[in-house]
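So the sequence lines, in the order shown, correspond to chains A, B and C.
Counting from 1, one number per residue, gives the positions in the first sequence under the working numbering.
Counting from 1, one number per residue, gives the positions in the second sequence under the working numbering.
Counting from 1, one number per residue, gives the positions in the third sequence under the working numbering.
The hints are simulated quantities; they were obtained by calculation from the structure and are not laboratory data.
Honestly, I wouldn't trust all of these hints.
[Claimed, not checked] Computed far set for chain A versus chain B, every beta-carbon distance over 10 Å:
#, residue
1, Leu22
2, Ser54
3, Val86
4, Ser88
5, Val99
6, Gly134
7, Ile135
8, Glu184
9, Ile293
10, Pro337
11, Leu352
[What the hints assert, rightly or not] With the C-beta cut set under 7 Å, the calculated list includes, among others, these residues of chain A facing chain B:
#, residue
12, Ala70
13, Asn79
14, Pro83
15, Lys100
16, Phe130
17, Pro132
18, Tyr297
19, Lys302
20, Gly304
21, Gly351
22, Phe367
[Stated by the list, open to error] For each label pair, taking beta carbons as the anchor points, the in silico distance ranges come out as:
#, chain 1, residue 1, chain 2, residue 2, range
23, B, Ala135, A, Glu394, 40 to 46 Å
24, B, Thr144, A, Thr323, 32 to 38 Å
25, C, Arg105, A, Asp115, 42 to 48 Å
26, A, Asn106, B, Thr192, 26 to 32 Å
For every residue, glycine included, the Cβ atom is placed at its ideal position computed from N, Cα and C.
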Amino acid sequence: MPEGTLCNKQTVDTKEYLNALLADKSGKQYYSEMEKLDVDTDKLWKSIKSTLRSRLRTWLEICAHCGMCADACFLYLANDRDPTQVPSYKIQSTLGEIVKRKGKVNNEFMRMVMDTAWSKCTCCCRCGSFCPFGIDMGIMFGYLRGLCFSQGFVPWELKIGSGMHRVYKAQMDVTVEDWVDTCEWMAEEYEDDWPGLAIPVDKENADIMYTVNAREPKHYPEDIAEAAILFHMAGENWTVPSKGWEETSLAMFAGDWGACKMQVEEVYGAMHRLKPKRMVVTECGHAYRATVIEGPYWAGLKDGRPPVESIHYVEWVAEALRTGKIKIDPAKKIKEPVTYQDSCNYIRNAGLKNVAREIMSYIAEDFREMTPNREHNFCCGGGGGFNGMGRYREQRNVGLKVKLDQILDTGAKLVISPCHNCWDAIRDMEEVYHAGIRWSFLKPLLIKMAIPPDHLKVEE
Amino acid sequence: MYEFVTGPLAWLTFIVFFLGVVYRIVWYFRGLHWQMDRVAYNAHLKYGIKGAIRSIFLWLVPFGSVGWRSKPFMTILFFVFHIGLVVTPIFLQAHNILLRERWGFSLWTISDATADTLTILMIVAALFLVLRRIAYPEIRILTTAYDYLLLAISVAPFITGFIAAHHYSNYEFWLILHIICGEIMLVAIPFTKLSHSVLFFCSRAQLGMDFGIKRGGMKGTKFSW
Amino acid sequence: MFKDILFGTSASPAGDYAARVAFELAGRFDAHLRLVHVLGVPSRGFSYLAEDVRTGEQVVIDDDYKAWVEEEIKTYYAKQLEKCNDYSIHVCVGHPHREILREARNSNPDLIVLGGPTEENEGSAYKKIVAGSTIQLVSKSALCPVLLVSRPAASFWGGISSVVFGADFSKASDAAFKFAKKVAASIPGCELHIFHAMDIGPVHTGLSLSQEEIEDKIREARKKIRHKYVANLEGFEKYSMEVWEGLPYVEIVKFAREKQADLIVMAYSTKDVDAENARLGSNMEQVIMRSTCPVISVNRKMAKN
Ligand code: HEM
Ligand code: HEM
Ligand code: SF4
Ligand code: SF4
Ligand code: SF4
Chain A
1 MPEGTLCNKQ TVDTKEYLNA LLADKSGKQY YSEMEKLDVD TDKLWKSIKS TLRSRLRTWL
61 EICAHCGMCA DACFLYLAND RDPTQVPSYK IQSTLGEIVK RKGKVNNEFM RMVMDTAWSK
121 CTCCCRCGSF CPFGIDMGIM FGYLRGLCFS QGFVPWELKI GSGMHRVYKA QMDVTVEDWV
181 DTCEWMAEEY EDDWPGLAIP VDKENADIMY TVNAREPKHY PEDIAEAAIL FHMAGENWTV
241 PSKGWEETSL AMFAGDWGAC KMQVEEVYGA MHRLKPKRMV VTECGHAYRA TVIEGPYWAG
301 LKDGRPPVES IHYVEWVAEA LRTGKIKIDP AKKIKEPVTY QDSCNYIRNA GLKNVAREIM
361 SYIAEDFREM TPNREHNFCC GGGGGFNGMG RYREQRNVGL KVKLDQILDT GAKLVISPCH
421 NCWDAIRDME EVYHAGIRWS FLKPLLIKMA IPPDHLKVEE
Chain B
1 MYEFVTGPLA WLTFIVFFLG VVYRIVWYFR GLHWQMDRVA YNAHLKYGIK GAIRSIFLWL
61 VPFGSVGWRS KPFMTILFFV FHIGLVVTPI FLQAHNILLR ERWGFSLWTI SDATADTLTI
121 LMIVAALFLV LRRIAYPEIR ILTTAYDYLL LAISVAPFIT GFIAAHHYSN YEFWLILHII
181 CGEIMLVAIP FTKLSHSVLF FCSRAQLGMD FGIKRGGMKG TKFSW
Chain C
1 MFKDILFGTS ASPAGDYAAR VAFELAGRFD AHLRLVHVLG VPSRGFSYLA EDVRTGEQVV
61 IDDDYKAWVE EEIKTYYAKQ LEKCNDYSIH VCVGHPHREI LREARNSNPD LIVLGGPTEE
121 NEGSAYKKIV AGSTIQLVSK SALCPVLLVS RPAASFWGGI SSVVFGADFS KASDAAFKFA
181 KKVAASIPGC ELHIFHAMDI GPVHTGLSLS QEEIEDKIRE ARKKIRHKYV ANLEGFEKYS
241 MEVWEGLPYV EIVKFAREKQ ADLIVMAYST KDVDAENARL GSNMEQVIMR STCPVISVNR
301 KMAKN
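Here chain A stands alone, though its shape is the one from the complex (with noise of 0.2 Å):
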């Protein structure tokens, strides 16, 4: 049988199959599918004709097998240096391979592809800042994906992933109506606590079109109040989009370009409605690599960069502190020990690196760095999708040990990670190996620390 009902070369596009694939618990029948799916080798071979262009097949051709890049990853750290863990190996024995074969690969090598592309590389891009010839792993398992998704090998969540964001423009069933109640319910709550606290929705002209995870709206809604709150406390004129208001991308995880595309445009449509001076993306990593870094190109955008300015949540908020408009009490600066968790997708990927220590400068009187940090940083363990896929959680948590021995050397026992997957990674890494560490957003800890203005005041 060459393609299955669940498993096979098709984008999902309709709720139905969506709903079928939901339906098969942990992806029983997908997986099992996927055993004897046929690899269309003819198509495999002529789409890596047209897309391996120079960038990559130098890469691959080049690699001096010097291995400096091994101890880069944390991966083969996490798994006590093995050397099937050295990123030059996985990308050699997988998309090397493919290459060589001139895609006549069968069935068993893609599964070892999909394998290894999921669960042996976070796409952090560590490793390339490690090569002296700058060949950047990261980005050729980011293609390698692409590949395996076209083919069909892809893990089960990241095929409904990707075919939430086709349903819905959203990585979870989130719909416009969900969405646009639950601010209108996250300002009801909050307003006693913050008089004429509103969250607009399609504003237009405004100066700041704020964008979320669909997480927030479907599980932590609390997060939209507290960027409202924020918002609002630093006099801000915002809006968020009734539609395009989604960030992420499990699509870009998944390999899956068409969705990629699909979605960014859903934001780009936002901006070209509404009209923004700026557009600040929430708490979340890949989301600003999604929309901000690579989207563009999946959209065709020739200068590389989004319709209007946009700028991550860190950006925000260190511009706020910088300007006074939300200004910290003094007393109420975070006291213990506190470490920061330097998001590959913004700070390696996206250059933020300063920005976070100067909110870092602002908040925490004992700041302490992990080492190595900035954009030498470590994954969180849970990059690329590595976080929600139920096949590879063993070596998910196995994983986490590299950055949780970097936590606990700063003997901080507080994280501060402006991420999602970092944020969720560091939860997991408490709930497996009960460290006693605690993590959290900015926004929380800023609504404590500020003071504010008086017309805010509310008496009890």
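Chain A is fixed; fit chains B and C with the ligands onto it per the hints.
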């Protein structure tokens, strides 16, 4: 024989070498694609060039990059090996005498003692590079016979040239063998992974542009290589 | 008095006392009873797994699973449901406080019933996701009174004869007062005890007030009670008032015991939710855990309605 290998064969070698190398470079840059590489090269050329220069420069300087600093032993081997590899043949007196004789020009030269030292160091470094490949599991797993072949191709002109220059035994034989080895190496550059001697610059430039444009450069952040 | 009661159930012994009260109330007032069971906390990033709150297991939640849990709930409450003719069961996934609030927003109940603070999920990393407990968070944001039952209630609603109103003069307290009065007035022979506990702070700080100052403040508080509450009793006569000093949650529990209270009505204070102190529990939680009778919490939002 000597006339042949230093005459027509040398010509052929250099033509193949230069054309091959130029082809590689042109092929590389023509193959870059703003959308597929997801780097807006042309739209932000200035940022790109700045990024590219930093990325190349810091990796050309011994201990100039975080990567080099994190592996001091490897770094020393690398630089000793490559300085010997690049500097010796180009500035060698013997080579430049030949150049002058045949093509009527020569470059600035180094003393024979310096050349000897560089040659020996280079050969020793190559030896350690081999040992390293055998000793470390993370490198062993990557290493193929091809890697040893390339090392051999790179070292052969040094060993043979050294023996010839010091007249240890049959000078004529070793000299001709040396020249053939040298020519093999030059021809190998465009056709094998040794093309990295130019593609190194291309690849580093590309990643430098990536960081200089998209991954932080335009936010004013300098990547600390 | 109540037409629509929302009961946040855990379908486990931890919620048994609350369940008894909820069913009893629904029967008495002929109200629609909504059993809301939040069966799992989402876990694993964006995955479709959740941690089943009862078993602690990782499960894939789909319609089958929900149907199965619904059956379980029906079995668990079989006896009570037999007598209950107007109820509905809602099974959902999410963080308990959020899903209870979501359901409350959709159905607009006039009372929410919850079990007392339990050690549920203790040690689970998921508990730490949101600062504060389910009780705190629901009490803070609900648009109706929240009835919290952590111990077997000695007397059911019908047998209520003594209501203690814990006054703190806040806006929320005004609403709590109105509600307490309404309850007392609706039950023949019921007494209403207006009580204020003056927080004199921890004694060991050395900042303790002199006895004179304390007495001044007590006088002041009595004046306020008279002005704010007694003046608004609108003819209700079976009341008393009292001001004690000490640790508020200790004093109110002591007072309730003395008055053989069947119900305590308190205002929810926003100051209570604080991540750092969440584990110690708020004043409210302390009262709930210690008092022998159920507690009704009324928050500031109800002052507007
Ligand atoms: C076109 C090809 C080449 C020709 C005609 C050539 C010719 C020569 C000659 C005539 C000598 C001098 C021997 C003596 O002192 O009597 C020499 C030495 C040497 N050549 Fe070449 N060579 C060629 C290519 C190369 C290449 C490609 C390399 C290295 C990459 C190389 C490295 C050396 C070295 C290391 C010595 C010995 C230096 C010393 O230790 O003094 N040669 N070569
Ligand atoms: C300026 C030009 C060159 C640059 C920038 C360069 C750079 C590099 C780099 C970055 C590596 C890999 C990292 C490492 O092994 O440390 C390397 C390895 C190597 N290079 Fe070059 N290279 C250049 C020229 C050459 C030439 C001309 C040859 C020989 C014909 C050569 C032969 C080798 C060999 C054999 C290795 C493998 C070393 C090993 O076994 O680890 N390189 N080179
Ligand atoms: S550091 Fe670069 S050249 Fe060396 S093995 Fe790794 S990828 Fe290959
Ligand atoms: S991108 Fe990150 S996870 Fe992937 S191989 Fe490189 S260092 Fe390892
Ligand atoms: S999850 Fe966080 S640390 Fe890991 S790759 Fe993504 S951004 Fe980086």
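Okay, the hints, checked on the actual structure:
For Leu22 of chain A, the shortest C-beta to C-beta distance to chain B comes to about 31 Å, beyond the 10 Å cut-off, and the non-interface label holds. A Cβ of chain B approaches the Cβ of Ser54 of chain A within 10 Å, the least distance being about 3 Å, so the stated non-interface status is violated. For Val86 of chain A, the non-interface assignment is contradicted: its Cβ lies about 5 Å from the closest Cβ of chain B, within the 10 Å cut-off. With a cut of 10 Å on Cβ distances, Ser88 of chain A falls inside the contact zone with chain B, its closest approach being about 6 Å.
Residue placement check: Val99 of chain A keeps its beta carbon more than 10 Å from all beta carbons of chain B (closest about 14 Å). Distance to chain B contradicts Gly134 of chain A as a non-interface residue, since its nearest Cβ pair spans about 3 Å, not more than 10 Å. The Cβ of Ile135 of chain A sits about 7 Å from the closest Cβ of chain B, inside the 10 Å cut-off, so the non-interface label is violated. The claim that Glu184 of chain A is not at the interface with chain B holds, since no C-beta of that chain comes within 10 Å of its own (minimum 35 Å).
Not every Cβ of chain B is farther than 10 Å from the Cβ of Ile293 of chain A; the closest lies at roughly 6 Å, contradicting the non-interface assignment. Taking the minimum C-beta to C-beta distance to chain B, about 25 Å, the non-interface status of Pro337 of chain A holds against the 10 Å cut. Separation of Leu352 of chain A from chain B is inadequate, the least Cβ-Cβ distance of about 7 Å not exceeding the 10 Å criterion. Interface restraint check for Ala70 of chain A: the shortest CB-CB distance to chain B comes to about 4 Å, inside 7 Å, so the restraint holds.
About 12 Å separates the beta-carbon of Asn79 of chain A from the nearest beta-carbon of chain B, more than 7 Å, and the hint is not met. Annotation: interface hint on Pro83 of chain A holds; nearest CB of chain B at approximately 4 Å, less than 7 Å. Contact between Lys100 of chain A and chain B, as hinted, is not supported at the beta carbon level, the nearest pair being about 12 Å apart and thus beyond 7 Å. For Phe130 of chain A, the suggested interface contact is upheld, since its CB lies about 4 Å from the closest CB of chain B, less than 7 Å.
The interface hint given for Pro132 of chain A holds, since its Cβ lies 6 Å from the closest Cβ of chain B, which is under the 7 Å cut-off. Evaluation of the Tyr297 of chain A hint against chain B yields a held restraint, the C-beta minimum of about 4 Å falling below 7 Å. This hint holds: Lys302 of chain A has a C-beta 6 Å from the nearest C-beta of chain B, less than the 7 Å allowed. Because the beta carbon of Gly304 of chain A sits about 3 Å from the nearest beta carbon in chain B, less than 7 Å, this interface hint is met.
The criterion of a C-beta within 7 Å of any C-beta in chain B is met by Gly351 of chain A, whose closest approach is roughly 2 Å, and the hint holds. A hinted interface residue such as Phe367 of chain A counts as satisfied when its beta carbon comes closer than 7 Å to some beta carbon of chain B; here the least separation is about 19 Å, so the hint is violated. Evaluation of the 40 to 46 Å hint for Ala135 of chain B and Glu394 of chain A yields a failure: the beta carbon distance comes to about 31 Å. Distance hint for Thr144 of chain B and Thr323 of chain A: a CB-CB separation of about 57 Å, inconsistent with the stated range 32 to 38 Å.
Arg105 of chain C and Asp115 of chain A have their C-beta atoms about 44 Å apart, which keeps the hinted 42 to 48 Å range intact. Between Asn106 of chain A and Thr192 of chain B the CB atoms are about 29 Å apart, so this pair conforms to the stated range of 26 to 32 Å.
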